[in-house]
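S.K.: Work out the full structure, taking the sequences as your base and the hints as a guide.
Chain by chain, the residues:
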Amino acid sequence: MKNLFITSINPGVGKSTFTLALALKLKQDGINVGYFKPITDSSRDTDAKDAKDLLSMEEDLEIICPQIVSAFEYDMKMEQVEEIKASIMESYTKLNETYDLLLIEGCRKINYLAFLGISAPELAQMCNSKVLLVSSGEEIEDADRLLLGKRYLYQDQLLGAVFTLVPDELFQHFKTFIIPVLEEKKDLHVYGLVPNRSTLVAPTVAEIQSALNAKILAGGGHMDHLVEDYMVGAMEPEAALKYFRKSTKKAVITGGDRPQLALAAMETDTSVVILTGSIRPPAGVLARAEEKEIPVLLVADDTFHTVKRLTDVNVYGKIHSDQRDKIDAWNEIFVDVEYKQLLERLQD
Amino acid sequence: MVGASNSKGKVGYDVVHNLAQFGYPGKIIPINPKSDEIQGYKAYQSLSDYDGDIEVVYIAIPAKYVNSIIDEMGELGLHYVVIISAGFKEIGAEGAKLEKELKEKLKTYNIRAIGPNCIGLLDSHTPLNGSFASRMPMKGNLGFISQSGALITGILDWSLNEGLGFSKFVSMGNKADVDEVDLIEELGKDDDTDAILAYIESINNGPKFIKVCSEISKTKPIVVIKSGSSEAGARAASSHTGSMAGTNTAYDAAFKKSGVLRASSVQELFDFATAISSQPLPTNPNVCIITNAGGPGIIATDAAEYAGLKLANLASETMEYLQANLHSAAATYNPVDVLGTGTAHEYSLSLEAVLKDDNVNMVLIIMTPQGMTEPVKTAEEMISLHDKYPNKPIVAAYMGGVDLEEGVVLLKNNNIPCFSFPERGIQSLVGLWKYAKIKREKKESSEQLPEFEVDKSKVEEIFEYVINKGRVTLLGSETISVIRAYGIAAPETATAFSVNEAIRLANQIGYPVVMKLSSPDIVHKTDIGGIAMNITSDQEVRSNFTEMMRSGREYAPDSRVMGIEIQKMSSKGRELIIGLSEDPQFGHLIMIGAGGVYANYQEDVSFGLTPLSKKEAVEMLKSTRIYKIMQGVRGENPDDIDQTVDTLLRISKLVNDFPEILELDINPLFVFKQGVNALDVKITLSKDRVLERRNYK
Numbered sequence: 000m001k002n003l004f005i006t007s008i009n010p011g012v013g014k015s016t017f018t019l020a021l022a023l024k025l026k027q028d029g030i031n032v033g034y035f036k037p038i039t040d041s042s043r044d045t046d047a048k049d050a051k052d053l054l055s056m057e058e059d060l061e062i063i064c065p066q067i068v069s070a071f072e073y074d075m076k077m078e079q080v081e082e083i084k085a086s087i088m089e090s091y092t093k094l095n096e097t098y099d100l101l102l103i104e105g106c107r108k109i110n111y112l113a114f115l116g117i118s119a120p121e122l123a124q125m126c127n128s129k130v131l132l133v134s135s136g137e138e139i140e141d142a143d144r145l146l147l148g149k150r151y152l153y154q155d156q157l158l159g160a161v162f163t164l165v166p167d168e169l170f171q172h173f174k175t176f177i178i179p180v181l182e183e184k185k186d187l188h189v190y191g192l193v194p195n196r197s198t199l200v201a202p203t204v205a206e207i208q209s210a211l212n213a214k215i216l217a218g219g220g221h222m223d224h225l226v227e228d229y230m231v232g233a234m235e236p237e238a239a240l241k242y243f244r245k246s247t248k249k250a251v252i253t254g255g256d257r258p259q260l261a262l263a264a265m266e267t268d269t270s271v272v273i274l275t276g277s278i279r280p281p282a283g284v285l286a287r288a289e290e291k292e293i294p295v296l297l298v299a300d301d302t303f304h305t306v307k308r309l310t311d312v313n314v315y316g317k318i319h320s321d322q323r324d325k326i327d328a329w330n331e332i333f334v335d336v337e338y339k340q341l342l343e344r345l346q347d
Numbered sequence: 000m001v002g003a004s005n006s007k008g009k010v011g012y013d014v015v016h017n018l019a020q021f022g023y024p025g026k027i028i029p030i031n032p033k034s035d036e037i038q039g040y041k042a043y044q045s046l047s048d049y050d051g052d053i054e055v056v057y058i059a060i061p062a063k064y065v066n067s068i069i070d071e072m073g074e075l076g077l078h079y080v081v082i083i084s085a086g087f088k089e090i091g092a093e094g095a096k097l098e099k100e101l102k103e104k105l106k107t108y109n110i111r112a113i114g115p116n117c118i119g120l121l122d123s124h125t126p127l128n129g130s131f132a133s134r135m136p137m138k139g140n141l142g143f144i145s146q147s148g149a150l151i152t153g154i155l156d157w158s159l160n161e162g163l164g165f166s167k168f169v170s171m172g173n174k175a176d177v178d179e180v181d182l183i184e185e186l187g188k189d190d191d192t193d194a195i196l197a198y199i200e201s202i203n204n205g206p207k208f209i210k211v212c213s214e215i216s217k218t219k220p221i222v223v224i225k226s227g228s229s230e231a232g233a234r235a236a237s238s239h240t241g242s243m244a245g246t247n248t249a250y251d252a253a254f255k256k257s258g259v260l261r262a263s264s265v266q267e268l269f270d271f272a273t274a275i276s277s278q279p280l281p282t283n284p285n286v287c288i289i290t291n292a293g294g295p296g297i298i299a300t301d302a303a304e305y306a307g308l309k310l311a312n313l314a315s316e317t318m319e320y321l322q323a324n325l326h327s328a329a330a331t332y333n334p335v336d337v338l339g340t341g342t343a344h345e346y347s348l349s350l351e352a353v354l355k356d357d358n359v360n361m362v363l364i365i366m367t368p369q370g371m372t373e374p375v376k377t378a379e380e381m382i383s384l385h386d387k388y389p390n391k392p393i394v395a396a397y398m399g400g401v402d403l404e405e406g407v408v409l410l411k412n413n414n415i416p417c418f419s420f421p422e423r424g425i426q427s428l429v430g431l432w433k434y435a436k437i438k439r440e441k442k443e444s445s446e447q448l449p450e451f452e453v454d455k456s457k458v459e460e461i462f463e464y465v466i467n468k469g470r471v472t473l474l475g476s477e478t479i480s481v482i483r484a485y486g487i488a489a490p491e492t493a494t495a496f497s498v499n500e501a502i503r504l505a506n507q508i509g510y511p512v513v514m515k516l517s518s519p520d521i522v523h524k525t526d527i528g529g530i531a532m533n534i535t536s537d538q539e540v541r542s543n544f545t546e547m548m549r550s551g552r553e554y555a556p557d558s559r560v561m562g563i564e565i566q567k568m569s570s571k572g573r574e575l576i577i578g579l580s581e582d583p584q585f586g587h588l589i590m591i592g593a594g595g596v597y598a599n600y601q602e603d604v605s606f607g608l609t610p611l612s613k614k615e616a617v618e619m620l621k622s623t624r625i626y627k628i629m630q631g632v633r634g635e636n637p638d639d640i641d642q643t644v645d646t647l648l649r650i651s652k653l654v655n656d657f658p659e660i661l662e663l664d665i666n667p668l669f670v671f672k673q674g675v676n677a678l679d680v681k682i683t684l685s686k687d688r689v690l691e692r693r694n695y696k
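Going down the list, the sequences are from chains V and R. Note that numbering that gives the first Met the number 0 has the first sequence beginning at 0, numbered continuously upward. Note that numbering that gives the first Met the number 0 has the second sequence beginning at 0, numbered continuously upward.
Just so you know, the hints here were simulated from the structure itself, not pulled from any lab data. Note that the Cβ used here is the ideal one computed from N, Cα and C, for glycine as well. Please note that the accuracy of each hint is not assured.
[Stated by the list, open to error] The calculated BS3-like cross-link candidates involving lysine-lysine, where the alpha carbons are at most 27 Å apart (straight line), are:
(1) R:Lys-524 <-> V:Lys-245
(2) V:Lys-339 <-> R:Lys-468
(3) V:Lys-76 <-> V:Lys-24
[Unchecked claim] A few chain V residues that don't get close to chain R, going by computed Cβ distances all over 10 Å:
(4) Lys-93
(5) Thr-97
(6) Leu-115
(7) Asp-186
(8) Asp-223
(9) Gln-259
(10) Leu-285
(11) Asp-327
(12) Ile-332
M.R.: If you want it as structure tokens, here you go:
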């Protein structure tokens, strides 16, 4: 059986989360599946550790994720590239012996490190894999980008694709029009549509607190809330309630000197209140937070920069084994993903 | 008294001292682990050490030890406690945790508690001063509950100066258990209390407040100062109480609905109270003013008219009598001016004449100190005439200090309210009249809520669908389906996500159509070219579709939903807006008023709390300015006011049946000469409540 190499058209489309979710699903079905990430771009990447924990893999992290190559190393010599390849093969060989099926995750996107000749197609070939392309489905133009990706791979390397982050209203469109056309005219099989449901990729308050290096002022016992959206509080208090009601499981970012906005936020479905500018709020606000069981965090940055850090860094929540709702949400999604057919095709 | 002390200055000293010095007839049991005796009473080490019956426990020890006393009370089967100790929710997160624990214990042991963080309670009839306020109120019939302990001590001191008696003072503190609703209910049943006064910063349970007050205001006036109505005040209040300052509008609507009188100042509160505690209620707003100086008479007249009272038209017999018996230069219309030379005799005959006059229902007597004025004798006359004609309220305004002092005291001691300025006298009469109206209205109405035939299951279906899709905001076509299910006329609407779908729908609905950007993240569509009207062909649909989608995506690139609504074009009518927002304290606040794109700036709206009766709905509409125009002006026929009221009532029913609706806006609602049409509706839901309903099924 071939292995499955999973890469994406663009970064930040939930590729890692999808990979782990798929691995878990296969493992639940009794497949002896392992995880391999040949190259990562940062030492802070926790994908390998998460996979090791979730799948209970015995191998060391250095085997599971042997190489770090960042964008700053593009000037390396050819010998170094060969060394990297050799190290990857070493790890691969070990893992391949132990597991019947390896899910191999590419780094960032399909053509990362193409310049050095170690991007997705090269690695997939080295590891005897078929490739699954993960693409966002937020707009119809993503179909165009997917076809570009297909061209980039070697002949016959592509197994198929999965669209993620599909808005509900485009679901039918994809199903009834785009996917059949890709199948018939472009010889590209789409194995599934993953809807844009924030629960699937939401970080916890704890993960956000860590990413922001924030202080916990209240509600410290409820850091496991999922955060599915962000809202900024900068309006007149009368308008605040109406505005905050439009979103659920959200982080609300506002100044500590605007207690009414914080209170209004806590009156709605809010997972965490983040106060900026190191301004502590009045006692009443923190008391209310305890009552409502909503964490209140304090950061030094101003509102603008805080929002930027949160949304740029893409605090994509990882799936930790103790996050029941996330795992459940992903399991539900697999109803719309033909992972069994995918498995069969790998065995051809 | 847990925390009783021999050290002057400590709260534990004051409470015991006050219980004793003001003659509490029951047994006082000081609890102090370090003393055998407190202020002459045998002290015990703990509650458990005392053998006999304990009815109420007072606690004045540091917050962190309070909960263990509650535990002890639980074990001993004691059920009533007044917790004076501070250091709970009001200090922040740590205190809030303590208070949460406290609440749980109270519930477990079934203990009723006042406080924490309060000054205690006072009762002039028992008598009981279970507080650290150093005075005792005069015996009276006013009950005062307050969320601010400091306000109580201030008012208490003032009342002694004013000679105004109170039955009870209760300081609520943090309201961990007993709150304003409990106390209003109690005072409603209390025979010693004839009027209930309250200072409130926040309300724990809005709907219960309305229910209880609606009932009690049928027999006793409830007058409230709710602070935090200004913007800065609201900010201060929410910092103080840690609760969201419910909007002032919601409070106004709630008070109106429950028959509660709202005072705009502490002075107004007590001016109302002064009159209410001793005077009968008027049956109409006709007031007569008797004065010995023209100027103050006019001031009072102005004040009366502005406040909604009417200056009585004296009957001809009355005027003839006055003309015959007063000085020739005296004014015998209303205000009656007995002139600066007026003595007790002139005041007396004038007062009796107007009291006998059927056109007069209330009297204000103004006196300024002149050479011939007889403040004491005049007061005596007023007192005896009031006894003779007890059904009409009278108040006095003795405008002076030293010279009129004795007269003032006499009046106050004989239950005739006496103020230093005529405006305050008028204010107090206004209070009487307002309550009289409330009482009458409460008697008249016990209206059934209007019934309608509606399709509940359709609405349930739509809401569940939306929540399943991970949204809480409905698309335009979904909202139209919802209100149509409740019998409100709206044009056919559907949403398209591609050009071809749009063309198909437009043909299905039938040209001409309107195309609107559909996205929960775009509020002001017109501002970004998000509405195209009078579309009459497929070609137009095609060209508008692309442009509008592009515009929408540019404006809200992260929006999860972006489509185009196709709607049958409606003719134009009177533009109204109906809005609804759930107030966290009182439930759904509904409003109606002038609509259109400038609605937010015109602010011609009136508010009410659901569920609305037909009477309330009609009144709401009538209080808008646009209502005048709807009635038909400049030769035009009137708009369909019945259907407008009907629409308002159906919306009220909708949110009553579906409390998961947090926000709802119909803008515009077109009203024609016949019928209405709701063109644009927005609805935001509470995800939790929709799920609750599903799980409950």
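S.K.: Verify that the Cβ of V:Leu-115 lies farther than 10 Å from every Cβ atom of chain R, and report whether the claim holds or is violated.
M.R.: Per Cβ check, V:Leu-115 is outside 10 Å of chain R; nearest 33 Å; holds.
S.K.: Please verify that the nearest CB of chain R lies beyond 10 Å from V:Thr-97's CB.
M.R.: holds (39 Å)
S.K.: According to the definition I'm using, a residue is off the interface if its beta carbon is farther than 10 Å from all beta carbons of the partner; does V:Gln-259 meet that for chain R?
M.R.: It is violated; V:Gln-259 is separated from chain R by about 5 Å at its closest Cβ, not greater than 10 Å.
S.K.: V:Leu-285 clear of chain R by more than 10 Å, beta carbon to beta carbon?
M.R.: violated (4 Å)
S.K.: Looking at V:Asp-327 again, its CB stays over 10 Å from all of chain R?
M.R.: holds (15 Å)
S.K.: Take a quick look at whether V:Lys-76 and V:Lys-24 sit within 27 Å of each other, Cα to Cα.
M.R.: violated (41 Å)
S.K.: Against chain R, does V:Ile-332 hold up as non-interface, every C-beta pair farther apart than 10 Å?
M.R.: Holds, because the least Cβ-Cβ distance between V:Ile-332 and chain R comes to about 12 Å, which exceeds 10 Å.
S.K.: Need the status of pair V:Lys-339, R:Lys-468: alpha-carbon distance at most 27 Å?
M.R.: This hinted pair holds, its Cα atoms lying about 26 Å apart.
S.K.: V:Lys-93 clear of chain R by more than 10 Å, beta carbon to beta carbon?
M.R.: Given that every Cβ of chain R is farther than 10 Å from that of V:Lys-93, nearest at about 42 Å, it holds.
S.K.: Between R:Lys-524 and V:Lys-245, is the straight-line Cα distance small enough, at 27 Å or below?
M.R.: holds (17 Å)
S.K.: Minimum Cβ separation between V:Asp-223 and chain R greater than 10 Å?
M.R.: It holds; V:Asp-223 is separated from chain R by about 18 Å at its closest Cβ, greater than 10 Å.
S.K.: When you look at the beta carbon of V:Asp-186, is every beta carbon of chain R farther off than 10 Å?
M.R.: holds (25 Å)
Of the hints listed earlier, those the structure fails to meet are numbers 3, 9 and 10, in rising order.
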